[in-house]
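There are 2 protein chains.
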Amino acid sequence: MKKAIQDLYPESLAHCYGCGKNNPAGHQLKTYLEGDTTIAHFLPDEKYTALPGSVYGGLIASMLDCHGTGSAAAFACQAEGITLDQAVIPVRCVTASLKVDFKAPVPMGVDLELTGQLKHIDGRKIWVDMSLSARGVLCATGEILAIRLKEEV
Amino acid sequence: MKKAIQDLYPESLAHCYGCGKNNPAGHQLKTYLEGDTTIAHFLPDEKYTALPGSVYGGLIASMLDCHGTGSAAAFACQAEGITLDQAVIPVRCVTASLKVDFKAPVPMGVDLELTGQLKHIDGRKIWVDMSLSARGVLCATGEILAIRLKEEV
Chain B
1328 MKKAIQDLYP ESLAHCYGCG KNNPAGHQLK TYLEGDTTIA HFLPDEKYTA
1378 LPGSVYGGLI ASMLDCHGTG SAAAFACQAE GITLDQAVIP VRCVTASLKV
1428 DFKAPVPMGV DLELTGQLKH IDGRKIWVDM SLSARGVLCA TGEILAIRLK
1478 EEV
Chain G
1328 MKKAIQDLYP ESLAHCYGCG KNNPAGHQLK TYLEGDTTIA HFLPDEKYTA
1378 LPGSVYGGLI ASMLDCHGTG SAAAFACQAE GITLDQAVIP VRCVTASLKV
1428 DFKAPVPMGV DLELTGQLKH IDGRKIWVDM SLSARGVLCA TGEILAIRLK
1478 EEV
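Chains as they are written, first to last, in the working numbering: chain B, 1328 to 1480; chain G, 1328 to 1480.
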């Protein structure tokens, strides 16, 4: 069975509240590489309200942030021929810049789909474009500049 | 005693997970207007880890989002001579676009200070520039385009 990118992070770098498998209190977002696209799904708990009935923007930004760094790691591996069928990948990225454009209210109680596509790689800098949709309706777009950690992890 | 902008939102629009007084599970961020600047303080719980020792970017984005919409409401009131010494203000803003630039890791266990300054108002559109600092060190900057809800609340 295919593993999520976040589950391939080194154990010492897998505590992120948004996506780390070693943070039991966190969201544990899982990003998968499918062809040239990354995909993640997430169903927010109802406490994450914005205006009643919709999901608050902070959670949307959080999910795009973690999906973005995960996608960046996946695309960096893909570019270097590092396969994802192993226990750990030697790539971990952090966020330098994140932009989120909110297109429509994100409805509560609906499975959200996040996608990511590689825009550009330049050394340790990786740009990824993202989308967040609910029932096929585009609710937000995201752009991330992720930086690959220097240390060979 | 001066009230936080978020505590002046109409009761029916005060459920935001990040800053709503009517969301007991949420962060309840409080933004204050001081002269021409908005200020908020926040001490993240240790579960909000990024890499060990630092705060995860999703929470930083969330706080800037809520501080941004709160700041936009404050600046809109200020521009129209609406005083903040009342029970409810007739202004509530939502986020159209949020950009966060991460300048340095945000240390865990440290009180964070957020500031906001009005960049521009054009009708219902309000642009605010923000900063997030820890112990006087700038860790992130934020730019928000907030939209004032059309309904007179």
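Treat the hints with care, as some may be off.
Since the list gives no way to pick one copy over another, a pair counts as held whenever it fits inside one copy or between any two copies.
[As the list claims (entries may be wrong)] The calculated lysine-lysine pairs, modelled on DSS-like cross-linking and capped at a C-alpha distance of 27 Å, are: (1) Lys1374 with Lys1426; (2) Lys1329 with Lys1426; (3) Lys1430 with Lys1348; (4) Lys1374 with Lys1446; (5) Lys1330 with Lys1430; (6) Lys1446 with Lys1357; (7) Lys1430 with Lys1329.
I should point out that these hints are in silico values taken from the structure, not numbers from a laboratory.
These numbers were taken from a predicted model, which means no experiment stands behind them.
Outcome of the hint check:
no., hint, verdict
1, Lys1374 with Lys1426, "both (24 Å within a copy, 24 Å between copies)"
2, Lys1329 with Lys1426, "neither (29 Å within a copy, 33 Å between copies)"
3, Lys1430 with Lys1348, "between (30 Å within a copy, 26 Å between copies)"
4, Lys1374 with Lys1446, "neither (34 Å within a copy, 32 Å between copies)"
5, Lys1330 with Lys1430, "neither (31 Å within a copy, 31 Å between copies)"
6, Lys1446 with Lys1357, "within (21 Å within a copy, 37 Å between copies)"
7, Lys1430 with Lys1329, "neither (32 Å within a copy, 34 Å between copies)"
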